[in-house]
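Chemist: Here is how the chains run, residue by residue.
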Amino acid sequence: MQFPGLDGEIVMGAITHGLLARMLRGAAAEVRENHEWLSRLDSVGGDGDHGTTMVRAMSRMEQALEADVSGKIPALLNDVGWAILGVDGGAIGPLLGMFFVSMAEGAEGLEALDVGDLAAAFEAGLAGVRAQTKAQPGDKTLVDALVPAVEALRAAAESGKEILEALHLAAEAAEAGAELTSTLQARFGRARNIKEQSIGTRDPGATSIALLFRGFEKGVEPHA
Amino acid sequence: MQFPGLDGEIVMGAITHGLLARMLRGAAAEVRENHEWLSRLDSVGGDGDHGTTMVRAMSRMEQALEADVSGKIPALLNDVGWAILGVDGGAIGPLLGMFFVSMAEGAEGLEALDVGDLAAAFEAGLAGVRAQTKAQPGDKTLVDALVPAVEALRAAAESGKEILEALHLAAEAAEAGAELTSTLQARFGRARNIKEQSIGTRDPGATSIALLFRGFEKGVEPHA
Amino acid sequence: MAMKKLINDPANLVKELLAGFALAHGDKVSLTGSDLVVRAQAKSPDKVALVTLGGSGHEPALSGFVGEGMLDISVPGEIFAAPGPPRVLEALRLAKRDAGILFIVLNHAGDVLSAKVAMDLAAKEGILLRRVLTHEDMSGGPRGDGDDRRGLSGCLPVIKVAGAAAEQGRSLEACAEIAERMEAGMATLAVAVSGATHPCTGDVIAEIPDGMMVVGMGQHGEAGGGTQPLKTADATAEIMLDALLEDIHARPGEDLFVMLNGVGSTTLMELYLVLQRVKDLLETRGITLARSLVGEFLTVQEMGGFQMCVGRLDKELKALWDAPCSSPVWTVK
Amino acid sequence: MAMKKLINDPANLVKELLAGFALAHGDKVSLTGSDLVVRAQAKSPDKVALVTLGGSGHEPALSGFVGEGMLDISVPGEIFAAPGPPRVLEALRLAKRDAGILFIVLNHAGDVLSAKVAMDLAAKEGILLRRVLTHEDMSGGPRGDGDDRRGLSGCLPVIKVAGAAAEQGRSLEACAEIAERMEAGMATLAVAVSGATHPCTGDVIAEIPDGMMVVGMGQHGEAGGGTQPLKTADATAEIMLDALLEDIHARPGEDLFVMLNGVGSTTLMELYLVLQRVKDLLETRGITLARSLVGEFLTVQEMGGFQMCVGRLDKELKALWDAPCSSPVWTVK
Ligand SMILES: Nc1ncnc2c1ncn2[C@@H]1O[C@H](COP(=O)(O)OP(=O)(O)O)[C@@H](O)[C@H]1O
Ligand SMILES: Nc1ncnc2c1ncn2[C@@H]1O[C@H](COP(=O)(O)OP(=O)(O)O)[C@@H](O)[C@H]1O
Ligand SMILES: [Mg+2]
Ligand SMILES: [Mg+2]
Ligand SMILES: [Mg+2]
Ligand SMILES: [Mg+2]
Chain A
1 MQFPGLDGEI VMGAITHGLL ARMLRGAAAE VRENHEWLSR LDSVGGDGDH
51 GTTMVRAMSR MEQALEADVS GKIPALLNDV GWAILGVDGG AIGPLLGMFF
101 VSMAEGAEGL EALDVGDLAA AFEAGLAGVR AQTKAQPGDK TLVDALVPAV
151 EALRAAAESG KEILEALHLA AEAAEAGAEL TSTLQARFGR ARNIKEQSIG
201 TRDPGATSIA LLFRGFEKGV EPHA
Chain B
1 MQFPGLDGEI VMGAITHGLL ARMLRGAAAE VRENHEWLSR LDSVGGDGDH
51 GTTMVRAMSR MEQALEADVS GKIPALLNDV GWAILGVDGG AIGPLLGMFF
101 VSMAEGAEGL EALDVGDLAA AFEAGLAGVR AQTKAQPGDK TLVDALVPAV
151 EALRAAAESG KEILEALHLA AEAAEAGAEL TSTLQARFGR ARNIKEQSIG
201 TRDPGATSIA LLFRGFEKGV EPHA
Chain C
1 MAMKKLINDP ANLVKELLAG FALAHGDKVS LTGSDLVVRA QAKSPDKVAL
51 VTLGGSGHEP ALSGFVGEGM LDISVPGEIF AAPGPPRVLE ALRLAKRDAG
101 ILFIVLNHAG DVLSAKVAMD LAAKEGILLR RVLTHEDMSG GPRGDGDDRR
151 GLSGCLPVIK VAGAAAEQGR SLEACAEIAE RMEAGMATLA VAVSGATHPC
201 TGDVIAEIPD GMMVVGMGQH GEAGGGTQPL KTADATAEIM LDALLEDIHA
251 RPGEDLFVML NGVGSTTLME LYLVLQRVKD LLETRGITLA RSLVGEFLTV
301 QEMGGFQMCV GRLDKELKAL WDAPCSSPVW TVK
Chain D
1 MAMKKLINDP ANLVKELLAG FALAHGDKVS LTGSDLVVRA QAKSPDKVAL
51 VTLGGSGHEP ALSGFVGEGM LDISVPGEIF AAPGPPRVLE ALRLAKRDAG
101 ILFIVLNHAG DVLSAKVAMD LAAKEGILLR RVLTHEDMSG GPRGDGDDRR
151 GLSGCLPVIK VAGAAAEQGR SLEACAEIAE RMEAGMATLA VAVSGATHPC
201 TGDVIAEIPD GMMVVGMGQH GEAGGGTQPL KTADATAEIM LDALLEDIHA
251 RPGEDLFVML NGVGSTTLME LYLVLQRVKD LLETRGITLA RSLVGEFLTV
301 QEMGGFQMCV GRLDKELKAL WDAPCSSPVW TVK
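Those protein sequences? They're chains A, B, C and D, same order as listed. With the numbering used here, letter number 191 in the first sequence gets 191, and the count goes up by one each step, no holes. With the numbering used here, letter number 104 in the second sequence gets 104, and the count goes up by one each step, no holes. With the numbering used here, letter number 184 in the third sequence gets 184, and the count goes up by one each step, no holes. With the numbering used here, letter number 107 in the fourth sequence gets 107, and the count goes up by one each step, no holes.
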């Protein structure tokens, strides 16, 4: 499949450097649109800064996109990761930063990513996050959105789905995972301090992951 | 003139040790009854503690009266003065304390005070106060009540008035002087900082002097 | 609560405050690289270096603990937000030495994560370090479940004794052991009586109803304890001390230190009352108040309240506590 | 404004706080006689002694200035109220020595009167002393009309240099000259952004409307300057510094010190911003910020705001500023 009107950068069924940039810009747009909601979620059990920090992280990401002249996927992902690591932003900075840095390692040497490559890169990103925290699925953290999203992408790759479809399924899974966190009690992050009172609200970090995946999908969608 | 019912301590026309104690207790009672007003006056240009400090000074005075076994007027006045000096009470403590300490010096060697002796003792007290401060009449301080009170007492002595009458005239003069301070601008004490805004309110320290002299008078008045 | 702060553009707040901090304490600290706070006179490179990281807005912490006999480097983050791993890594590179780095991390998710990433990267560069986590906030959960306990102002005594050990030329292992011994024997409990505002956003940090106080409040206004009627200094001291002594299993005959850390608008006057009561209560239990520390070390903007930190002191820790040091918050001749 | 203070019986407040203060700083100060605060190690009797007096409720002032190289004795009064002459006389008797006593009095009616009575009595006992009055609050009135100017936190630098001179064994005349030189070259201006309460009575000390600040507020909330909209740190620094520089007639090429004294709930963070701006402004005028001091030295309970004190430093004053000292608020190695 060939997406029309996308600067001719599209290789059927694969994410090029240019398309990756679109994915990332889509994610930034999605987070920016919803940052107040993110801060509101964080103010229940945390310090209410999650939306602000995410916006700062996205701005850094966009600067890295702007500055990128490598034309290479791993280099871009690595730059984005380090840009986000550079945000003085509490918990989300190191986790999200390491997600992209590790994704870069997972995409090492590749010029473009087919669905399987993309799944592998996201798996590397997930592993990078999980190396930083003992949080398991069910602990009400961003892990609860990230794990199902990456798993959905892998499943889509296994069953031969196209990239757009695969990203759609990942976004749906991330959203479902994030939504489910509202039933959970926080065992990591600041919200663990409010114990049972954390039940009833979505985890801000998981919600951000859902927004990022929704943005990835929107970024590669053909323009209407 | 003999006041009936006053423990037989009265010598015609003279203040004995016992009568002095009554005068002082009368002053304490008068201040105590009006201390909220004093603090209110002080809160306009000062720190609002004048009533509280005066009550503490009066309590100290009463303790000194309680403790006194000398039977001597100068000793009693000196003890009262030192008791008041011992109050951690801002401006009024040293001034009022030195008033009594100096009065004691003015009454040195006397067993009882006739009207002239009393005027001399009060004059010594006034001199003691004025040695501590450069405040002149018209500067809106306790000097504005004390000077006319002492002058009135001296005038009464010169014209041969009886003690009760003399104390009554002194109290009237003190009150008139205190009342007049409401038209003045403060040039000493905390109230000087508010400048013109001090006009319109009586000076708390002058008001205290008026209350003390009213109390002196009431203390020696025959019981109704 | 209207915000009444003398600040400029919130976006530059941390940069500006660090510049002023370095200016005010130029004899003891200076800024280097990406706003890392370092000692004015660097420690000899054959001695263990102490490094820490943490959000700003808690002045004088943590950068006020930098100086001779205390920290070598602090990495200040944004207001209430951990610094990102790159600046932490920069600090670790700067401190890199054969003697090693004692890396003191307060238990807050952001700090722990940022430290972890930086440490992983540092390890790849052959930087020798030992992390010591401080998590002495007893309101977080039962002792033993360390992850639940936040790192509050107790980092100060830990830094003091470990810094003194490093200054004496002790090994990384020895310094780490001392830090951990101090940490293991201490507990902190906070009480808040009035709230504060975030200097950048104006957001309210903890709203505390009139006449009430909250025991167990975290460093950023996180809930964590019970709201109860405001008590006297004596009664508050007793509630807090009892809980802390039970938490550390203090026994008669022991020597303890007590630190009272004002978090903002609570006066030294009040803290002195509390200290006096603490001493009397300890005496009735046969415990000696061997050292005390009263002041504002780790604040939460203009919040009212204080943290009480209590810990066990043995002979060695006492000697290290008394050892010379020279930092903006603590000078011992 | 509801009072939210951790205190006990207000009637015992000062006694209790002094006990806790002496306990907290037992290595530097102790209590003697009628709650006089004295140095833990007395100064050699052949050196000039420094004595001061003043109300409590301003902690750490004034007793926090007692120590080696600073004050020998402070006579603390009740909350915001000068101590009575008998305790002041007790202090003067205790400090009595052939070398003489430098008696530092802040210009407030109560303090001045109490000091005067005590001095008159001391003179009769042959106690040798020199009084130095500090009155550097420029909001009181024009320079020269000294009686109108209150003594604010500027007493600290005066005590520092005079204390250092005394420690060096200089004569009473020399110490007094140094104190007076320092005092004559300085001015202080206060800004208040939020009020406070009297800890005993609960009375409001200064009510400051939302969004406003008051320049020229005295130490107990006395009015004295203009109410104006709350400004940025930079703008506030500029307003205050301009006024102070004009007051002391500062000229290009001069060396000045700047002290920023937080009075309660204003954070160090804010004071650091102000200091940074002050330095830049001085630079543009060709004036050197030779020394600075930032912290809470003389507070007004939980009031928000600070005092800026600016003064001229010559070579000798700088050396005395840097001389060793050891008091609860200021330690120089
Ligand atoms: N230890 C942890 N492990 C995994 N995720 C965490 C951890 N701590 C926090 N998070 C995630 O970070 C989110 C909060 O991020 P953010 O508000 O930016 O950080 P902070 O709490 O430092 O202000 C949480 O909702 C949670 O998803
Ligand atoms: N320098 C002074 N000379 C004469 N009287 C003074 C002086 N200062 C204050 N007073 C008197 O003291 C009164 C205030 O007393 P008080 O409120 O007890 O003291 P403070 O102002 O220290 O709180 C004033 O009303 C005034 O009469
Ligand atoms: Mg947050
Ligand atoms: Mg945060
Ligand atoms: Mg008063
Ligand atoms: Mg007073």
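Incorrect hints may appear among the rest.
Said to hold, decoys possible - Now the in silico label distances, taken between C-beta atoms and shown as ranges:
#, chain 1, residue 1, chain 2, residue 2, range
1, B, G116, C, T232, 36 to 44 Å
2, A, G109, D, E283, 53 to 61 Å
3, B, T183, D, T284, 48 to 56 Å
4, C, A123, D, T232, 40 to 48 Å
5, B, A127, D, L128, 20 to 28 Å
No lab work stands behind these hints, which were simulated from the structure alone. Don't be surprised by glycine CBs; every beta carbon is placed ideally from N, CA and C.
Chemist: Honestly, which of those hints from before does the structure not fit?
Modeler: Hint 1 contradicted; others consistent.
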